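Engineer: One-letter residues, chain by chain:
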Amino acid sequence: MNDDKSIWSWDHALAVLPDLLWTFLTVTLIVTIIGSAIAAVLGLIIALGRRTSPRPVAGALTLVMNFIRMTPLVVQLLFAYYVFTTVPPIVLGTVIIGIHYATYMAEVYRAGIDAVPPGQWEATTALSMSPARTWTAVIIPQALRATLPALANYVISMFKDTPFLMVITVTELVREAQLYGGTNFRYVEAITLAGLIFLAASLLSSVLARRLEKKLEYTTA
Amino acid sequence: MTENLDALWRALPQIWDGVFITLVLTAGGALLAIVVAIALGLLARFENILLRGFARTIIELFRGTSLLVQLFFFFFVLPLPPFNLELPALFTGILALGLNYGAYGAEVVRGSINAVPAGQWEATTALSMSRSQRMRRVIFPQAWALMIPSLNNLLIQLLKGTAVVYLITIVDLTAELNRLRVQTDVFFAYTLGLLVYFAIAYLLTLGMNALESRAKHRLGQGVKWRDAIAGTPPVPDMKGAGQAA
Amino acid sequence: MNTPPLDTHTGAIALEDGDVPAILFDKVEKRFGDHVVLHDLDFTVRRGDRVTLIGPSGSGKTTILRLVMTLEEADDGYILIDGSPLTHFERDGKRVELKEKHKNEMRKRIGMVFQQFNLFPNMTVIENIIEAPVHVLGLSKQEALARGRALLDKVGLPDKENAHPTQLSGGQQQRVAIARALAMEPEILLLDEVTSALDPEVVGEVLNILRDVARDTDVTMLIVTHEMQFARDVSNRVLMFDSGRIVEEGTPEAIFSDPQEQRTRDFLSAVL
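Residue numbers (this note's numbering), protein chains in the order written: chain A, 2 to 222; chain B, 45 to 289; chain C, 13 to 284.
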């Protein structure tokens, strides 16, 4: 089997496929789901923090946020990996990718909050509503309608960034393919199948995301 | 701290080499990406179903699979039959970066062209302009100003994407940082690295902002000036027309 | 207009006949950047008054309403509601800002209906109406629902309780907005060009509701409108504004039929 010089070997393809699918389900999907949850929550906290904090605090928060957003995830992963040596790489990777994407989400939330018409804020003042109630009952629900499609796109984006975790030894989909290739000297099938799995998942989630977007559009009488 | 600075001083030539490689990857990748983006973005708008389908397939293929999949595919699979293409690692990196971000760029190009107000298209029809005239002289210049902010975001992402090429043996800044970490310590090496990347990203953003103001400025001046230089028949001033929408 | 001096300790102030005005503006100044909208404005509204402010756009009429609703804050001078300071008071000759808690209490007595309705699109009609009574006034949900339903009935939309604002026409949305404001049982109701954004056919239905409100309650109303007939029907006082100053004031009959000032005459002949 190691002397196989054919362009494509179905034997190898079938051999590697189960491992790839298993890794996809247990690593890629889990990292994406948990990472997105971290990003969605932390992003909202950052957006609200920037909006409601006094100027210097908001300014500092913005600076840190931009610094994380504009520097490579890879370097951030390596940094964390060599500092927190006792934490399992997959946990570390999930948290770091979550934080990295929280900075994107924060910008999306900010745009969503800014898009809420000023008249809504004025109505809450006219009704003497408390700030807490204003945010939870009026502003955030409306902001989310605009931001959910963008958030969905970032989830898909994060899912395609999970291979970056391989730099800190997390065996996700691409690394799994690379390991098979390295052991069996057959890269074609492994990497192609990995790519196809990504493609299938990506196209499927794009379709779902578009449906979500349609569902959330307001229709006026 | 002083040992770290000493080690840094000694490693400076290699660090600079790493930065240089990163910049080459970024520039090369960006150049390829913009060509791919414009080509695919325009192709995706043709009526011919074959051309449109081809463009869409390439776009979805490179957007749907991860950068690392493409990177490893080009590195491991291209040298084999049926491609038999042995590229230096650096070119492989540029190829993967350019195609991946070019595919995303194609969507930005397509979206921006669609965002040019309908009135502009209608005006070109009323003036019986040919399709290529219309695109070159009216639509694309306006779309260009609209697409720069999104392209800036992609450029920053491309820069961040270069950090992974050390996995296919390219000695970029991140590879040098990994080396520096051993000679100094984790905090020093990577913090320095992040600052360098941040500085590059910031400068790129400034550059793109300047590009955007220049593009908008040129729209404000209208088409007349260029006509005067090129000697082509004058086109009526469309300055006001585009502001509707 | 001469106003008695402020009692700086309680901030309370009385009119000549001993009655406390619902709204009092004392030398109020409001600027937007370099543009001075209101300058040294003295202005009184008595309890139960129905005052209409007329005048060209930019004359400061809407700004007055927004100042009362605390959507803007005056740069100088004092605003008193029922004799108590709204946002600032004077202590030892200095202008001092009130604590947020006090401002909140004052705000609860004032309600506003907006030109753009500003209903909450993520809530149903009835949820819009009971939101503030439950969470601000502390009513139980049942009490608020009862109040809300009665008001929906009064504005002629009893069957729209569970509809979403986006499913309603402009006129219907504005009627819901009126119900939402009245659900707070405010002492002062501010109406800011409430029919200007409506199709002409539905203006009437909204104005009729407001005529009923004027007739059936004794809420103090401060109105900015271009609907002159409505102003005549409902107001007991009309004030003509221009460039942030009161040009003329009087009863509707006096102002509309026999304006004294040239500026008033010019404005009325242009709009009527």
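Keep in mind the hints are simulated off the structure, nothing from the lab.
Incorrect hints may have been included.
Simulated crosslink set (DSS-like; lysine-lysine; CA at most 27 angstroms straight-line) [what the hints assert, rightly or not]:
id, chain 1, residue 1, chain 2, residue 2
1, C, Lys120, A, Lys216
2, C, Lys115, C, Lys172
3, C, Lys39, C, Lys153
4, C, Lys153, C, Lys166
5, C, Lys172, A, Lys215
6, C, Lys172, C, Lys106
As the structure is a computational prediction, the values presented were derived from the model and not from experiment.
Engineer: Can you give the numbers of the hints that this structure goes against, from lowest to highest?
Structural biologist: 1, 2, 3 and 6
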